[in-house]
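What follows is each chain in one-letter form.
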Amino acid sequence: MADMSDLVLDVKNLRTVFFTNSGLFKAVDDVSFTVRRGETLAIVGESGCGKSVTALSLLRLVPDPPGRIVGGSVTLEGTDLLTLDDAEMRAIRGNRISMIFQEPMTSLNPVMRIGHQIVEAVRLHRNMSAKEAHDLAIEMLRLVRIPEPARRAREYPHQLSGGMRQRAMIAMALACRPALLIADEPTTALDVTIQAQILALILDLQKELGTGLVLITHDLGVVAQTAQRVIVMYAGKKVEEASVEALFAAPKHPYTRGLMASIPAVPASDVAPQARLNEIPGTVPSLVRLPAGCAFAPRCKLAIKRCQEEYPPLADWGGGHLAACWRAAEVAEVA
Amino acid sequence: MFAYLVRRLFLMLVTLFGISIVIFFLLRIVPGNIVDILFAAAGYVDPADKANLEKELGIDQPLVVQYVHWIGGFLRGDFGYSYVSEKPALQEILPRIPITARLAGLALLFSASIGIPLGVISAVKQGTKLDYALRVVSLSGLSLPSFWLGLLILTASVAMFGQMPIFNPNPQTWLEAFATYAVPAAAVGFRSAALTMRITRSSMLEVLRQDYIRTARAKGASDAAVNYHHALKNAILPVITVIGIEAAFLIGGLIVTETVFNIPGVARFLVEAIRWRDYPIVQNLVMFIAVVVVFANFTVDMLYAVFDPRIRFTE
Chain A
37 MADMSDLVLD VKNLRTVFFT NSGLFKAVDD VSFTVRRGET LAIVGESGCG
87 KSVTALSLLR LVPDPPGRIV GGSVTLEGTD LLTLDDAEMR AIRGNRISMI
137 FQEPMTSLNP VMRIGHQIVE AVRLHRNMSA KEAHDLAIEM LRLVRIPEPA
187 RRAREYPHQL SGGMRQRAMI AMALACRPAL LIADEPTTAL DVTIQAQILA
237 LILDLQKELG TGLVLITHDL GVVAQTAQRV IVMYAGKKVE EASVEALFAA
287 PKHPYTRGLM ASIPAVPASD VAPQARLNEI PGTVPSLVRL PAGCAFAPRC
337 KLAIKRCQEE YPPLADWGGG HLAACWRAAE VAEVA
Chain B
4 MFAYLVRRLF LMLVTLFGIS IVIFFLLRIV PGNIVDILFA AAGYVDPADK
54 ANLEKELGID QPLVVQYVHW IGGFLRGDFG YSYVSEKPAL QEILPRIPIT
104 ARLAGLALLF SASIGIPLGV ISAVKQGTKL DYALRVVSLS GLSLPSFWLG
154 LLILTASVAM FGQMPIFNPN PQTWLEAFAT YAVPAAAVGF RSAALTMRIT
204 RSSMLEVLRQ DYIRTARAKG ASDAAVNYHH ALKNAILPVI TVIGIEAAFL
254 IGGLIVTETV FNIPGVARFL VEAIRWRDYP IVQNLVMFIA VVVVFANFTV
304 DMLYAVFDPR IRFTE
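Going down the list, the sequences are from chains A and B.
So the first sequence is numbered by my numbering: it starts at 37 and just counts up by one.
So the second sequence is numbered by my numbering: it starts at 4 and just counts up by one.
Keep in mind that the hints were calculated from the coordinates and are not lab data.
These figures come from a predicted structure and were not determined experimentally.
For every residue, glycine included, the Cβ atom is placed at its ideal position computed from N, Cα and C.
Take these hints with a grain of salt, some might be off.
A partial selection of chain B residues facing chain A, derived with a Cβ cut-off under 8 angstroms [unchecked claim]:
| id | residue |
| --- | --- |
| 1 | Q213 |
| 2 | Y215 |
| 3 | A219 |
| 4 | A221 |
| 5 | K222 |
| 6 | G223 |
| 7 | K236 |
Every beta carbon over 12 angstroms from chain A, so not counted as near; a handful from chain B, in silico [claimed, not checked]:
| id | residue |
| --- | --- |
| 8 | F27 |
| 9 | Q64 |
| 10 | P98 |
| 11 | R105 |
| 12 | L112 |
| 13 | A115 |
| 14 | Y135 |
| 15 | L145 |
| 16 | N171 |
| 17 | P174 |
| 18 | A234 |
| 19 | L240 |
| 20 | I277 |
| 21 | V295 |
From just these sequences and the hints, can you work out the full model?
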């Protein structure tokens, strides 16, 4: 067990629901995880599995209505964020916990200068003069390796490329040196070459500043390169959690296995190259009408009767490797 | 930028030229001229007298000649004489302009300062009782003609205070001046305020869904900063467009409002002049209004670039 003082974020039994016309759905259902200082935790899953809502729940930015956090705790540096009032929560956002979003093209305010947007983030939380904050903003732009930071600070978002904008977003998110950075698919919208640069930048800065990082992605390649630990989400639930090594060596959940099998261009040595990409059959179920048992059962090759009737508990398979599957023991053999 | 300005200025001149033709010929299409009206009132018509008078006023000449005569004078700054008062047209029009300008300015101020904040509130509180209440107010503003609202205000003030607001031509203090213009300006500006509110609301709703609003919240910005600083700055462009168009529509509203409130401004004067077929007054006054509207549109276009850095006027 790691030293508790090292713990930046401790999420316990988080539950976020949405009230919609077609009914109530559990976007995040009983999810727990921790992040330590300097550690990278990856959250993996398909679109609609609750990754982004989990991230927004940590910042308490789930749009309400229709969404609401209905249970659990989010403890950041010893404070349960879910018990804070709005003003206290605002003092935390952008200060102790920051977020980078998926779309750099639309995540910066188009009518405000880049520098000003960073200055705003700084001055909301630090007692600085406009001049000091401006100097810090330029320093941050330099830190994220934007050439000519003083000139770029005077420009508007539309004058920057997608990669540059994401760098500016990172500069803004890290300007107050947060304890925790949440990156919600930070490279999905970027060119492949830029993706690698941005990831490397985030990891460098994370190391430099000792920030805890929650990296949300659907790209297992990114996970393998960056994270120490991974949680796999499916239909709002955490279905597997493990260290990166353990997860890639022996995934316990058939869904995780399916995700790995569907990575193209990484053919296992004993598998002949195939014409058709691997896929997980079917789609993520509607969160409004979840089956009584395992939500993945309808798509699972290994599903037995019990899977349809009873939800499997998260069981520890050794070394903190958790998986919620009745047939986890057989996954490795069967697949 | 300079090339754009030159081109824009040229287009404005072309527009104004077109307007001058429309004004001139529309006015001639209206049956009767001042001579007909004068002689009809007298009851007896001696065709020779009538022809003499028409000749004296120059309205017996071919239309094209009349037009060239008017526009030539207009360009030289010679606006002719009012048929009715026989005073120089400029002398008749100029003193009335400040009255209408104050009224219009106040009405626009009223519409922006009430419509924009209420539109923001309505959008932020979308779906709440407050939003519904504000939307009803906005809808009523759009449905109530300004003359009807003016009459209601007058009737109500008589019923409640036993008197109605009288136009004070020589207000001594700033406050008196405000009191003189506020009520009619509110009556005519209510519609603009309602429209501004609607546009602000829908524009804000669009903007509040954007990713950068979430970014602003994630920074820790307060609701007020998010709504007024981040969102409104992005939502304001359509609002400016509407206020610009309203500035033109306002003239129409002012004509009836000045009549209802008995205010001696240009708008009511214009109606009088039309009734008498007082060509020099009507032509020059409508031309003046056209110039104001064209420049208002130009200003709005220039404001786009001020509010949105993505808009640049280049060739």
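Right, here's what the structure says about each hint:
With its C-beta approaching chain A no nearer than about 6 angstroms, Q213/B sits inside the 8 angstroms limit, and its interface hint holds. Interface restraint check for Y215/B: the shortest CB-CB distance to chain A comes to about 4 angstroms, inside 8 angstroms, so the restraint holds. Taken as an interface hint, A219/B checks out: its beta carbon lies about 7 angstroms from the nearest beta carbon of chain A, inside 8 angstroms. A least Cβ separation of about 5 angstroms between A221/B and chain A falls short of the 8 angstroms threshold, and the interface hint therefore holds.
At a threshold of 8 angstroms, the smallest CB-CB gap from K222/B to chain A is about 4 angstroms, leaving the interface hint in force. Contact between G223/B and chain A, as hinted, is supported at the beta carbon level, the nearest pair being about 4 angstroms apart and thus within 8 angstroms. Hint on K236/B holds. Least Cβ distance to chain A is approximately 5 angstroms, under the 8 angstroms limit. A cut-off of 12 angstroms between C-beta atoms confirms that F27/B is not in contact with chain A; the least separation is 44 angstroms.
Distance check for Q64/B against chain A: the nearest CB is about 56 angstroms away, which clears 12 angstroms, and the non-interface claim stands. Chain A leaves P98/B outside its interface by the beta-carbon criterion, the shortest separation being 43 angstroms against a cut-off of 12 angstroms. Its beta-carbon lying about 33 angstroms from the closest one in chain A, R105/B satisfies the requirement of being farther than 12 angstroms from that chain. For L112/B, the requirement that its beta carbon stay farther than 12 angstroms from each beta carbon of chain A is met, with the minimum near 24 angstroms.
For A115/B, the shortest C-beta to C-beta distance to chain A comes to about 19 angstroms, beyond the 12 angstroms cut-off, and the non-interface label holds. At roughly 16 angstroms from the closest C-beta of chain A, the C-beta of Y135/B stays outside 12 angstroms, upholding its exclusion from the interface. Listed as a non-interface residue, L145/B keeps its Cβ farther than 12 angstroms from every Cβ of chain A; the least gap is roughly 29 angstroms. With 12 angstroms as the threshold on Cβ separation, the claim that N171/B sits away from chain A holds: the shortest Cβ distance comes to roughly 43 angstroms.
Every CB of chain A lies more than 12 angstroms from the CB of P174/B, the least distance being 40 angstroms, so the non-interface label holds. Listed as outside the interface, A234/B is inconsistent with that label: its C-beta sits roughly 9 angstroms from the nearest C-beta of chain A, within the 12 angstroms cut-off. In this structure L240/B is not separated from chain A by more than 12 angstroms, as the shortest Cβ-Cβ distance comes to only about 9 angstroms. Residue placement check: I277/B keeps its beta carbon more than 12 angstroms from all beta carbons of chain A (closest about 45 angstroms).
Every CB of chain A is more than 12 angstroms from the CB of V295/B (nearest about 29 angstroms), matching its label as outside the interface.
In this structure, the hints that do not hold are numbers 18 and 19, in rising order.
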